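Heads up: the protein sequence lines correspond to chains A and B, in order. For the first sequence, the numbering used here gives the first residue as 35, with consecutive numbering after it. For the second sequence, the numbering used here gives the first residue as 35, with consecutive numbering after it.
Read the hints as simulated data drawn from the structure, not as lab findings. Worth double-checking, as some hints may not be accurate.
For chains that are exact copies, the list does not tell them apart, and a pair is met inside one copy or across any two.
[Unchecked claim] Here are the computed lysine-lysine pairs in the DSSO-like style, where the Cα-Cα straight-line distance is at most 30 Å:
#1 K45 / K413
#2 K70 / K245
#3 K125 / K45
#4 K39 / K222
#5 K418 / K352
#6 K309 / K409
#7 K309 / K71
#8 K166 / K45
#9 K71 / K486
#10 K125 / K309
#11 K524 / K238
#12 K45 / K71
#13 K249 / K71
#14 K217 / K176
#15 K249 / K70
#16 K524 / K467
#17 K70 / K45
#18 K39 / K524
#19 K126 / K105
#20 K71 / K237
#21 K483 / K71
#22 K45 / K169
#23 K121 / K340
#24 K209 / K166
#25 K236 / K71
Computed from a predicted model, the values in this text were never measured in an experiment.
2 protein chains.
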Amino acid sequence: MNQSKYQQFKKQMAKVADLSNASAVLAWDQETYMPKKGGDFRAQQMATLQTMAHEVFVSEQTGQLIQEALKEDLTELERINLLLAQKDYVKKKKYPAAFVEEMANATASGFNFWHEARTKNDFSLFSPLLEKIVKLKREEAKILGYEAHPYDALMDEYESGLTVAKIDEIFDDVKKDLFPFLKQVLAKSKPRVDFIHRHFDKKKQWDFSEKMVRKMGYDFEGGRADFAPHPFCTTFGPGDVRITIRASENYYNEMFFAAIHEAGHGLYEQGLPMKEHYGLPMGSALSMAFHESQSRLWENNIFRSKAFWMGSFPMLQKDFPESLGDVSTEEFYKGVNLVEPSFIRVEADELTYHAHIYIRYLIEKSLIEGSIEVKDVPKIWNEKYEEYLGIRPANDAEGCLQDVHWSFGGIGYFPTYSLGSFYAAQLMAVMKKSIPTLEEEIHSGNFEKALKWLRENIHVHGRKFNSEEILTMVSGSGLKFSYFMDYARKKYGEIYGI
Amino acid sequence: MNQSKYQQFKKQMAKVADLSNASAVLAWDQETYMPKKGGDFRAQQMATLQTMAHEVFVSEQTGQLIQEALKEDLTELERINLLLAQKDYVKKKKYPAAFVEEMANATASGFNFWHEARTKNDFSLFSPLLEKIVKLKREEAKILGYEAHPYDALMDEYESGLTVAKIDEIFDDVKKDLFPFLKQVLAKSKPRVDFIHRHFDKKKQWDFSEKMVRKMGYDFEGGRADFAPHPFCTTFGPGDVRITIRASENYYNEMFFAAIHEAGHGLYEQGLPMKEHYGLPMGSALSMAFHESQSRLWENNIFRSKAFWMGSFPMLQKDFPESLGDVSTEEFYKGVNLVEPSFIRVEADELTYHAHIYIRYLIEKSLIEGSIEVKDVPKIWNEKYEEYLGIRPANDAEGCLQDVHWSFGGIGYFPTYSLGSFYAAQLMAVMKKSIPTLEEEIHSGNFEKALKWLRENIHVHGRKFNSEEILTMVSGSGLKFSYFMDYARKKYGEIYGI
């Protein structure tokens, strides 16, 4: 039987996806069920799969199939798959095999080095590796090419077309509008939060979280949730999108909001047309930044909203009569939205969060342009925390060693977290317009319309459009920071009486 | 840095192992945690990994590395690794790529077809696929080549050098000695077994099983146990050898003996010098048949022994006072060793078990030589059960559809199960001689010496010797069925007063 070139191209891409997805299964297992001694060979196994996925993708065969398939009679989506794959191909082709291997080797045991350094609170255990990684990332920027700044080339991996110029422009607004507003908020008296730190049974926490994750529309027949040291979302193929969760028995926020966040990522993955476009651009998320908009929209704009807690707090209160019996809905809502400078990014509130990101951005950019050295990171980190948040980490474990990203070479990634929040605010604003009853829906714990809107306006498109295009399609303009600022002013202005 | 050819060969073999081990992780996940809808793409993903492992192994590069490395200055073990890898290479090289793909495609969804047919108790849902698989296996026999019988070529996969002639010779003894003895046993009155089917809490069953698995020496830091529909043992690399378990709350034998059995496999894997010889013959089990000897030795010769239950039944009785309070140690020992014809192989006792295997062997051999057709299997199956066990399956679910093996092309595999028991009896006999206190050790639940003996005499050798060689080394001769017969007569003669 003669397959069309497009069919052969699809098969080749499926092979790449099979290898990448297998690597994702191994990574998931490493975080959830792998026995202690399994770690010795696991990093190598994942590196082999990733290297082979890369090799198959950048093979001459792939390039030829793309070129030949482009001459065939194609549907619109087939053409989009080919053109985007071609773009990826040209980019990935730039990497010399030796570089790929060196990077794979450097990052293979990155997690272990970072983890040990953090556990022992000793930056010197991680810095030699970080130096190597920074050196390689600078080399990568050269390999990929850039116009204005080497960091542009790295950010492009996580949000196509993102540049230092654009980020600086956005953070100019953040510094001009958000940080002064944050100061106002912090000058007000803190809401009551004692109850957040009372005792919450782990299983009961998950029961409530699971109920909400189901209500969001996350499909447990095509996914599952497992306990892991860190919450994340991972995809092994259509019909298998998993999340991980963790719980603290005396910090309510830890499980619930992270579970919603990861389920938000999961809904995006479950909503992609992945079955028809397995391993293809149309079956993939449009960017890491946009992915983050999905998780944050659910986590912050919906599940940290007053409407949601007005409707659902009584249910939670019933689950935890001893810990929440004396708490009013209003108090709870304000408590889970406490704004307060803190050291750990993943526990930060919606406002101070962007200071955390800005600090990482400044440090990464400086490392890549070579204006600072790895050995200076702890000092600069602490100074910046003092400057932007008015607090100074007591040690590197709660300072520059807190995040895993650098250990796997994820430099250029952090800025997408802020973009995710800003995109989310913009999306939420237009979604509210298009679903006039949205507040009531959220109040009654009904998320069908919200999910439908996201599915139809975002998920279904895969990588067909970029972030600017999709924002313009739904809201009439590309990213505008004012959406986030309006949201922040309204919500926190009310909570803090500003 | 210039790597020796041997080092490059090792790296190539590690790549093959990484792909195979990744496929094993995906298979394990499929049986344990994969959500329902994950099945759609999982079979394809595993097929991709297996096909790539095969491709890398049979590449010209591997062949050249072996040849060139053999000219280097080598240690004895390095030479053994190369020579055995060369043997495998020559064999695997025989498969045309088209055949490998066709087999992979045929078996990829084999499990689903088989599972549906068994669930619906409808052989016709499975027979078209089985016909295809039998056709492919006959082709495989031709590809591999054989002297006397095509089935020889297939059995060789699971026990090197095994032939129809050898199996016939062994089963002549089985028919001459074991089956008549079985008749004698069945003529006696049945021991009491009512208590085996009382209520046993799942968690408590595992608590006791786990305690014993730990006592055997299975390392939970390099392994774990998870619930799955079928018990199995799987290896992902040194330091990660897992078992799966299942439990019936009203059939005590189901979990305990299967857990011990799988842990027996696990101990073999954990005892192989896999870390030094990752992906190499010296780090691999010598054969499937020998693997089975390890699981059966633990399950039957040790954990179904009188010595073990005399020592440990009181502990079990304490865990289940309501179900076992009125049972004596002697009764329990006899109960778990009940000999009785039954339909399901995996639940069969130590004696009737070999009739189950003989029937499968006769059917497989006939299918491969073409003297029977797939459509005749149910009829012949039932007739043979009547002939050898005096019982007739009421349907194919408890007849010819009960085993998964054919669905993945595992034809030629069943005979190794009987060999495993016979090897185990021979090993146990010599182990007893070399550890004079073995009975007392087992009685007191101390298995250190037994494990040490197995480690030193068997596990450490990887694939250095074949089964005949290793049996000769430890017992002075190759397989002798009389060891099993002596064991059976002594044990069951005593239980049944013969």
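To see whether the hints hold, each was checked on the structure:
Taking the shortest alpha-carbon separations for K45 and K413, neither the intra-copy value of 50 Å nor the inter-copy value of 42 Å comes in at or below 30 Å. Taking CA atoms no more than 30 Å apart as the test, K70 paired with K245 passes between copies only; the shortest distance there is 19 Å, against 32 Å inside one copy. In this assembly of identical chains, the alpha carbons of K125 and K45 lie at most 30 Å apart whether taken from the same copy (21 Å) or from different copies (28 Å). In this assembly of identical chains, K39 and K222 lie within 30 Å of each other by CA distance neither inside one copy nor across copies; the values are 65 Å within and 71 Å between.
Neither within a single protomer nor between protomers do K418 and K352 lie at most 30 Å apart by alpha-carbon distance, with minima of 43 Å and 63 Å respectively. Taking CA atoms no more than 30 Å apart as the test, K309 paired with K409 passes in neither setting, with 47 Å inside one copy and 36 Å between copies. In this homomeric assembly, K309 and K71 come within 30 Å of each other (Cα to Cα) only across copies, at 11 Å, whereas the closest approach inside a single copy is 36 Å. For a Cα distance limit of 30 Å, the shortest separation of K166 from K45 across copies, 24 Å, qualifies, whereas the shortest one inside one copy, 36 Å, does not.
For the homomeric pair K71 and K486, the shortest alpha-carbon distance between copies (21 Å) is at most 30 Å, but the shortest distance inside one copy (45 Å) is not. Taking CA atoms no more than 30 Å apart as the test, K125 paired with K309 passes inside one copy only; the shortest distance there is 25 Å, against 37 Å between copies. When the C-alpha separation of K524 and K238 is checked against a cutoff of 30 Å, the pair qualifies neither within a copy, at 33 Å, nor between copies, at 56 Å. Only between protomers do K45 and K71 lie at most 30 Å apart by alpha-carbon distance; the minimum there is 21 Å, versus 36 Å within a single protomer.
Taking identical chains as interchangeable, the C-alpha atoms of K249 and K71 lie at most 30 Å apart only when they sit on different chains, with a minimum of 19 Å there against 39 Å within one chain. Proximity of K217 and K176 under a CA criterion of 30 Å is satisfied in neither setting, with 40 Å inside one chain copy and 81 Å between copies. With identical chains, the CA atoms of K249 and K70 are at most 30 Å apart between copies only, with a shortest distance of 19 Å across copies and 36 Å within one. When the C-alpha separation of K524 and K467 is checked against a cutoff of 30 Å, the pair qualifies only within one copy, where the shortest distance is 16 Å, while the shortest distance between copies is 84 Å.
Taking the closest pair of Cα atoms, K70 and K45 come within 30 Å of each other only across two copies (24 Å); inside a single copy the shortest separation is 36 Å, beyond that limit. In this assembly of identical chains, the alpha carbons of K39 and K524 never lie at most 30 Å apart, being 54 Å within a copy and 69 Å across copies at closest. Taking the closest pair of Cα atoms, K126 and K105 come within 30 Å of each other only inside a single copy of the chain (22 Å); across copies the shortest separation is 39 Å, beyond that limit. With identical chains, the CA atoms of K71 and K237 are at most 30 Å apart both within one copy (28 Å) and between copies (26 Å).
Proximity of K483 to K71 under the C-alpha cut-off of 30 Å is restricted to the inter-copy arrangement: shortest distance 24 Å between copies versus 47 Å within a copy. Taking the closest pair of Cα atoms, K45 and K169 come within 30 Å of each other only across two copies (27 Å); inside a single copy the shortest separation is 36 Å, beyond that limit. In the homo-oligomer, the alpha carbons of K121 and K340 never lie at most 30 Å apart, since the shortest distance is 44 Å inside one protomer and 70 Å across protomers. For the homomeric pair K209 and K166, neither the shortest alpha-carbon distance inside one copy (33 Å) nor that between copies (69 Å) is at most 30 Å.
For the identical chains of this complex, K236 and K71 are neighbours both inside a copy (28 Å) and across copies (28 Å), given an alpha-carbon limit of 30 Å.
Violated hints, listed in ascending order, are 1, 4, 5, 6, 11, 14, 18, 23 and 24; each of the other numbered hints is respected by the structure.
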